[in-house]
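A.B. asks: Based on the hints, put chain B in the right spot on chain A.
Number of protein chains: 2
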Amino acid sequence: MNDKAIYLRDIALDAAQAAWAEQRRAAGLDRPLGVERVTLDAAAGRVTAGPVYARLSSPHYHASAMDGFAVRAAETAGATETRPLLLALGTAARYVDTGDPIPAGFDAVIMIEHAQRLPASAAHPDGAIEILAAAAPWQYIRPMGEDVVATELLLPANHRLRPQDLGALAAAGHAQVDVFRQPRVAIVPTGSELVPPGTPVKPGDIIEYNSLVLGALAEEAGAIVTRLPIHHDDFDALLASARAALREHDLVVLNAGSSAGSEDFSERVFSALGALAVHGVAIRPGHPVMLGVARADPEGPARAVAGIPGYPVSAVVTFELFCLPLLRAWQGLAAPERVEVEATLTRKVVSPAGDDEFVRVCVGEVGERLIAMPLSGGAGVITSLVKGDGVLHVPRFSEGVAQGAQVRVALRTPLSRVRNTVVAIGSHDMTLDLLSDFLGRRAPGQRLVSSHVGSVGGLLALQRGEAHLAGCHLLDEASGEYNTAAIAQYLTPGGVDVVVLGFTRRTQGLIVARGNPKGIRALGDLTRPDVSFINRQRGAGTRALLDYELKRQAISARQIRGYERQEFTHLAVAAQVASGAVDCGMGILAAARALDLDFVPLTAERYDLIIPAALFDSARLAPLLALIRDPRSGFAAAVQALGGYDTAQMGVVLSG
Amino acid sequence: MNDKAIYLRDIALDAAQAAWAEQRRAAGLDRPLGVERVTLDAAAGRVTAGPVYARLSSPHYHASAMDGFAVRAAETAGATETRPLLLALGTAARYVDTGDPIPAGFDAVIMIEHAQRLPASAAHPDGAIEILAAAAPWQYIRPMGEDVVATELLLPANHRLRPQDLGALAAAGHAQVDVFRQPRVAIVPTGSELVPPGTPVKPGDIIEYNSLVLGALAEEAGAIVTRLPIHHDDFDALLASARAALREHDLVVLNAGSSAGSEDFSERVFSALGALAVHGVAIRPGHPVMLGVARADPEGPARAVAGIPGYPVSAVVTFELFCLPLLRAWQGLAAPERVEVEATLTRKVVSPAGDDEFVRVCVGEVGERLIAMPLSGGAGVITSLVKGDGVLHVPRFSEGVAQGAQVRVALRTPLSRVRNTVVAIGSHDMTLDLLSDFLGRRAPGQRLVSSHVGSVGGLLALQRGEAHLAGCHLLDEASGEYNTAAIAQYLTPGGVDVVVLGFTRRTQGLIVARGNPKGIRALGDLTRPDVSFINRQRGAGTRALLDYELKRQAISARQIRGYERQEFTHLAVAAQVASGAVDCGMGILAAARALDLDFVPLTAERYDLIIPAALFDSARLAPLLALIRDPRSGFAAAVQALGGYDTAQMGVVLSG
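Chains A and B are the protein sequences, given in the same order. Quick note: the first sequence uses this note's numbering, first residue 1, plus one each step. Quick note: the second sequence uses this note's numbering, first residue 1001, plus one each step.
Chain A with its partners taken away, still in its complex shape (with noise of 0.2 angstroms):
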């Protein structure tokens, strides 16, 4: 198996998918996996194992459309208003309700506001109608078959079942429906440092979710799932459990956790039980997918295997990428239907040349073009797979994407949600995050996205039309002023014309441990050599404000330990004061209070909110600015309770 493992690894996608493809047409499992017989109330989204041909016809008889008396049209000929038409009850017009079989021999109705009903009498011992219009043959009838005509073709094979589907079944005379079975899969979560959802954690321990996720996505795409408790490294018994679930499933996937171990044991499961026909592939994130054919017995029936990679990115990329496919082809669906979209990128896309790579994106619409902003992170961030809007494709052998390209993005959010969302590249606050909220909870439909790219990298995305408000906190070292220099310098000179929105005053210092064990009182403490510090990314107003104060006191930043280091947001910063790996960071107050830290004032700065004029009335932003400029709202009430802010100006324009 070794020698065979070597020339898997590290395939192309295409050759790769190729590969498995044809090892499962050897097994016969490149078809349906079989048909049952469902009743209708349990037909819904299943997939019609063949085509339906209609039982019977619908109407399945002639049937009046109207509550009103059944005629023979020839009967009613020369009926005026001058001359009206006596018809007797009983013989020449019958009362018919919607729906009523057209008695035999008539052939017309009339409706009961065109009749007017007369009493018995001896002519019409049963009462009579009097007319004022002659009908014409067939008016008012539904004929039989107007719907659907008994034999005629009523839905295709491998059709998913929608619901009025359903009731043209019924009408058509059926109660049941053949469709194909539903493909069952498990998943078997292996690694000795998974615990599931809900366990204390201690460091080593990594909480298990993936099978949560997987298992998800396979119910969406029809499957019964079977999630497997946590199996730790032990080949004895991942092998018996895999074995048994070969037994009862059609699809096995071993998700293996990020340490080496567990990887090697899902290969050696797999060698045992059948072959794998790929291990390793050359896409990013997902390198390490094994897939293949396996059986409980030499006798037992193929079933398909996948071991999908630990790191929750890599997971969802390669099970979409290869597994979701097939679970659709079990049922007779063609791959899933994806809308794809032109975007600009906003930043450029660094690929290894030989791997096909898949980038989360979030995407907006800014002014008349969409915009597609790369989420960072790793293989590990499960959180861009949250907050992504879809999926750049870069291909192998091409080096990556340039910023401003032109791409094609694979969207999951819905394009009508991607038009409906404020688009905010800037400063960090969290402040934003509870607007974000606070709109979805206002304005269902609406959303708020933020890319946190620091003060200068807002306005920047402000001067490429690329965003709709940028929040800024950007002092100018001349002037002590906020934000009017910045504006001078990177909007003006583009004629990007831009209202400047207050919106919170807030509180910078020193993000310390809890209880301050290393006593840091002010700036002057950094140099000290007891004492490590973790800075923010260069542009960010957190780090010109730092600048600001150091040059003000005369000290020197190469004097201060960590000062080259930096993270992108203020809860990166406290998050890293937390962990113990550092003694302080510049942040607010609401980012030490989030993480229970404690924290030195040093300045109160604003904060506000930077709006291109044309959009400052746009309909995109109206329901944003109404939560930021009405009190009743209760969000300038909310940003108060977070601390260490002062909302006085919020809403109100500072210039522009």
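These are computed hints drawn from the structure, not numbers from a lab. It is possible that some hints are incorrect.
Said to hold, decoys possible - Among chain A residues calculated to face chain B with C-beta under 10 angstroms, some are: (1) Thr151; (2) Arg162; (3) Val386; (4) Met430.
Just so it is clear, CB atoms sit at the ideal spot from N, CA and C, and this is done for glycine as well.
C.D. replies: Just chain B now, with coordinates in the frame of chain A:
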């Protein structure tokens, strides 16, 4: 109640929506119904009841991103290939697997491939590693909080949970999540004429399937549905059931059969238990909808109630307009996302001026543009919902839409599927249904949509660029040739070059009742006073053939009883004969066989596929043409099995 009801009748759509919304607001039914806590494995598809913040960071410790050795970066300075550095295992370097915590005091990881392991020695009792390069601080470490920082906003409120969200929740320390309670919906079918699916039917019975369709729609929208058994028109029983349903459900839907009685009962029940805000809306279909609020007991909780009309298309249209948005709002969701596209209307739509009208259309892509084909059929034709790809909304006070107009269509079928559609407009033949079935099975994702407008209608559609192919069997009276003269007349002047592809030769004749009780033997019998006939529509090839034969045999059409009544397909003609409404009609053998009727053959005719030359080699048509032209596809054999077809020329290019 009666006076009030009059004012409620036939108000405009927006007024009706506003009136019900106001009534629900007053009753506290305008917001989510409650919150429940569910475990993550039961949370997919549910909607968050509040913002979710991270409890844990992820990673919750500094984790090794590689298998290798944890080191102190400062102690690796100066290592190069020419000056390797030794680090003692245990003290200066410690082995870590991917995911392992970084030991306290260590701050970098060297990949296992970049370290040479040396055996234990006197100087290094636990062994050592030799490295050839310095390590940068924090290299190959996933810092705590790289993915999620504890306390940060993970998911907003009103967010429908996707598979990846479950992973993020677990990663951030959640094992459960608070979600909005699912609305409970009761659907009560009412009407004495209703019978459940699977019941042997007699004239007047209507198969009850609206509860299946509405129930599946409500479940798709996230509701828990109770479908009650059919209620006959018994006021007391219906009142008791409605009262019981109001105790347990948030929305109670009475779905009245089409008979006058059942609708009246619904109104009386709602009036007894509550009040209607709306009775009758100016929409088509769906006029007689009722919307209100009711209570099981005077002190019981308020519930929403709806009386949904009995015709299936009316039922679906009104349920989608009024009830689905409510079910979504009750779960904190905005109106469903609809994809809208611009399309060219292939034939005019006439609308009553006072109503908002909703017209179901098929959509395909021909050349560069989308075309929308209105589906005929009234409120009783559920197959229009099955065939329809989308809905055209003709607003109130417009009088319709002209042929060729650009319209906006709310798409239900994914756009990618619309783009994989072959559009056939022209003469109907049952072999097109068979072709559609073969295509769906052999090329999943591809489909054939047929619109039956007769042979001339098909050529006109090709001329306007609205179809990919047209089935055509037009006999030229002068030459006795098929299709050539018609192509010269309708297509050549517009410069549309076409390929004539041989498809079938089929037997045309008279479809008569089983046993041929009227002894019909030839066309001459149609003039007998005891024989009634049903014709095909003008422009149909079958009608042209009839006229040609009548002329040849010098028979006057005016002597044929029923010559002026017309149907649009062979099967519809056969259904008329089968129902006993007429004695005979002209059509194909397969239609007679399908309904177990007898057949008097008259002649064989050519039925060709006319395909624009520009499309003949297109990728769009390739899978379909492969089925027709490759005998191994089995399609020709399946056509022969229908009876009455000669496939000798199938797939042969006859001209072009």
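A.B. asks: Take the hints in turn and mark each one as holding or not.
C.D. replies: Here's how the hints hold up against the structure:
1. Thr151: Holds: closest Cβ of chain B sits about 4 angstroms from A:Thr151, inside 10 angstroms.
2. Arg162: This interface hint holds because 8 angstroms falls under the 10 angstroms limit.
3. Val386: holds (5 angstroms)
4. Met430: holds (8 angstroms)
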